[in-house]
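2 protein chains.
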Amino acid sequence: MRTEIATLGEFGLIDRLTEGIKPENESTRYGVGDDAAVLSYPSEKQILVTTDLLMEGVHFDLTYVPLKHLGYKSAVVNFSDIYAMNGTPRQITVSLALSKRFSVEDMEELYSGIRLACQQYHVDIIGGDTSSSLTGLAISITCIGDADKDKVVYRNGAKETDLICVSGDLGAAYMGLQLLEREKTVLKGEKDIQPDFTGKEYLLERQLKPEARKDIIEKLAAANIVPTSMMDISDGLSSELMHICKQSNAGCRVYEEHIPIDYQTAVMAEEFNMNLTTCAMNGGEDYELLFTVPIADHEKVSQMEGIRLIGHITKPELGCALITRDGQEFELKAQGWNPLKEDK
Amino acid sequence: MRTEIATLGEFGLIDRLTEGIKPENESTRYGVGDDAAVLSYPSEKQILVTTDLLMEGVHFDLTYVPLKHLGYKSAVVNFSDIYAMNGTPRQITVSLALSKRFSVEDMEELYSGIRLACQQYHVDIIGGDTSSSLTGLAISITCIGDADKDKVVYRNGAKETDLICVSGDLGAAYMGLQLLEREKTVLKGEKDIQPDFTGKEYLLERQLKPEARKDIIEKLAAANIVPTSMMDISDGLSSELMHICKQSNAGCRVYEEHIPIDYQTAVMAEEFNMNLTTCAMNGGEDYELLFTVPIADHEKVSQMEGIRLIGHITKPELGCALITRDGQEFELKAQGWNPLKEDK
Chain C
1 MRTEIATLGE FGLIDRLTEG IKPENESTRY GVGDDAAVLS YPSEKQILVT TDLLMEGVHF
61 DLTYVPLKHL GYKSAVVNFS DIYAMNGTPR QITVSLALSK RFSVEDMEEL YSGIRLACQQ
121 YHVDIIGGDT SSSLTGLAIS ITCIGDADKD KVVYRNGAKE TDLICVSGDL GAAYMGLQLL
181 EREKTVLKGE KDIQPDFTGK EYLLERQLKP EARKDIIEKL AAANIVPTSM MDISDGLSSE
241 LMHICKQSNA GCRVYEEHIP IDYQTAVMAE EFNMNLTTCA MNGGEDYELL FTVPIADHEK
301 VSQMEGIRLI GHITKPELGC ALITRDGQEF ELKAQGWNPL KEDK
Chain V
1 MRTEIATLGE FGLIDRLTEG IKPENESTRY GVGDDAAVLS YPSEKQILVT TDLLMEGVHF
61 DLTYVPLKHL GYKSAVVNFS DIYAMNGTPR QITVSLALSK RFSVEDMEEL YSGIRLACQQ
121 YHVDIIGGDT SSSLTGLAIS ITCIGDADKD KVVYRNGAKE TDLICVSGDL GAAYMGLQLL
181 EREKTVLKGE KDIQPDFTGK EYLLERQLKP EARKDIIEKL AAANIVPTSM MDISDGLSSE
241 LMHICKQSNA GCRVYEEHIP IDYQTAVMAE EFNMNLTTCA MNGGEDYELL FTVPIADHEK
301 VSQMEGIRLI GHITKPELGC ALITRDGQEF ELKAQGWNPL KEDK
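Listed in order, the protein sequences are those of chains C and V.
Read in order, the letters of the first sequence correspond to residues 1 to 344 in full-length UniProt numbering.
Read in order, the letters of the second sequence correspond to residues 1 to 344 in full-length UniProt numbering.
One or more of the hints may lead you astray.
No copy labels: a pair is met if it fits in one copy or bridges any two.
Straight line, CA to CA, 30 angstroms or less: simulated BS3-like cross-link-like pairs of lysine-lysine [claimed, not checked]:
| # | residue 1 | residue 2 |
| --- | --- | --- |
| 1 | K159 | K200 |
| 2 | K219 | K200 |
| 3 | K22 | K159 |
| 4 | K22 | K209 |
| 5 | K22 | K149 |
| 6 | K22 | K246 |
| 7 | K315 | K200 |
| 8 | K100 | K333 |
| 9 | K246 | K100 |
| 10 | K22 | K214 |
| 11 | K22 | K188 |
| 12 | K184 | K100 |
| 13 | K151 | K22 |
| 14 | K188 | K300 |
| 15 | K200 | K151 |
| 16 | K188 | K100 |
| 17 | K246 | K151 |
Worth flagging that the hints you see were computed from the coordinates, not collected in a lab.
Let the sequences and hints guide you as you build the complete structure.
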């Protein structure tokens, strides 16, 4: 079934997509339906704001990304930025621009993914904008969250001797992308062949349906740990470490042997004949948390499940380096995904 | 001079565009440079959030819109939504996606318009996202503002016998667009001819460099008037009146003879052989304020410069109608700009 969006118009489409949305958060006073949404936060909270603009053909490829997954991921990557400030996401606005190629049902699919993410993370959809584009789909999401005034964590607070920690494992989302890209090339034009992804489910899930590390933020709070600096890993560990070090006026040493990597990632890297550490350091889209804690928290963090100590902060003069398994030092370079750099 | 964006990369471009930005508002605690911006509002304020996504070829045509004007307008239309809630805009995030056609200098032009608007209205740029697109330019702006808790004005509070007021004049922005579209057609391919817009400056200004009605919000506050309902006129007076009436469960009568129209708009409509009232009722992009006040405020509002009483709110059964100069009643129809409706 295909209903043309033109038959509903902008307001009809918005009504249909936002039907039955009920705010869950006390801070949401008025959502969709006026010139602006209305929020109310107690004064002991700081308010966090982050935004993302995703363009078809640059940030996602609809030949292998289902619209529902795309919606889910678009929302979750914004939640991840709020958690990375040690906050809790509360509201999002969703703006879509779509070409005539898309039907009302397509938009419902996309929106169902966004709504599912919002349900899972208890975030309210409070507004947005729906419009047309000449080509492709554009998705712009702004997320608003809150944090206790003295608990906001920036990128600029890392201090010499602080421990560098990372949640989960790295490189899997990137390997998932390689896998999908390969299947796309292999299967081009042969529509009936279903690619076999057995044993690679984790990689696909990491690429297509990432989660934001709400659980880690909760664990840190429960253990009374406030990181000295934190950010989420969207462009690759190398790039993010360099941001933290630059903004904290510090250097760092991270150890190859401590970089957390899943088994499937390792298998896939071998199959693709790629350097595993490079994938983990520069892969991007992991949406794991990278943070630093004072050395006094060593015992606490080393006991926390799902968190790995990968190195430590140094004086700025020492620069940022990776220590390989055989003890060599390599200066970190931000080779992560950069949408505005020259094509390779 | 043309610097390719690829030579700077995402972070280089952001650094260049946001250089020297200093927050003006106390509520802005941390702007560009982390996973999220950090704001802090006192608890007696409600927080307002609005967002817009503008796509090249749909919302703007760079053959006649200078990038600086585009930036200015993109910001101002968001401020307008915050004023329309009886609030004050305080922060914006700016997301841009651009194709290789654009240079660093182009983006500086665009950004200089956004920054100028922010200066004029005392709004802080607190973040955003900069990325590439396969074709064209996409601009997504989210604006955050505040209002006293008991002063937020929604669309749904209009009551029977309330007076309907409008600021400024209507239809000029639409006539400006017609004028630019005509010149574009006439001059296609003839680059050296400069169109003569003498005597039509107001129309062009209304289209290319609209302002948000901060002054009206201030006047209303000074006169101790809190409208019962309000919105800004972006899609045309007819369409907006119908929103207010639908959401307030009311009807309305507006009088053709009271619709405020500028002399240049009238001259242009005649030149184009268009119905002037239709242009004023459905033209869109005026960014004037449409609001209702209790009849007890009649004297106060009728003395306010720049505000016109155009009609009154009725019981819902009476529907929404325009009363023409010769006393006929016409049911209002939303013929305003609707980017998702079928092409004409």
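With identical chains, the pair K22 and K188 could be close in the same copy or across copies; at 30 angstroms between alpha carbons, which is it: within, between, both, or neither? neither (42 angstroms within a copy, 51 angstroms between copies)
Within, between, both or neither: how does the pair K184, K100 come out at a Cα-Cα threshold of 30 angstroms? both (24 angstroms within a copy, 26 angstroms between copies)
Between the shortest in-copy and the shortest cross-copy C-alpha distance, which are at most 30 angstroms for K22 and K246: within, between, both, or neither? The answer is between: 20 angstroms across copies meets 30 angstroms, while 42 angstroms in one copy does not.
Quick one: K188 to K100, C-alpha cut-off 30 angstroms, is that within a copy, between copies, both, or neither? both (24 angstroms within a copy, 27 angstroms between copies)
Please sort K22 with K159 into within, between, both or neither, judging by C-alpha distance up to 30 angstroms. between (43 angstroms within a copy, 26 angstroms between copies)
When no copy is specified for K188 and K300, does a C-alpha distance of 30 angstroms or less occur within a copy, between copies, both, or neither? Neither. Shortest intra-copy (50 angstroms) and inter-copy (70 angstroms) distances fail the 30 angstroms Cα cut-off.
Homomeric proximity label, K100 with K333: Cα distance no greater than 30 angstroms: between (42 angstroms within a copy, 25 angstroms between copies)
30 angstroms Cα threshold - placement of K22 relative to K151: Both: 29 angstroms inside a chain and 24 angstroms across chains, each within 30 angstroms.
With identical chains, the pair K219 and K200 could be close in the same copy or across copies; at 30 angstroms between alpha carbons, which is it: within, between, both, or neither? within (29 angstroms within a copy, 64 angstroms between copies)
Within, between, both or neither: K246, K151 at alpha-carbon 30 angstroms: Classified as within: same-chain Cα gap 22 angstroms, cross-chain 44 angstroms, threshold 30 angstroms.
K200 and K151: within-copy, between-copy, both or neither at 30 angstroms Cα: Intra 38 angstroms, inter 56 angstroms, cutoff 30 angstroms: neither.
Intra- versus inter-subunit Cα pairing at 30 angstroms for K22 with K214: within (22 angstroms within a copy, 32 angstroms between copies)
Hints 1, 7, 11, 14 and 15 from the list above are not met by this structure, while the remaining hints are.
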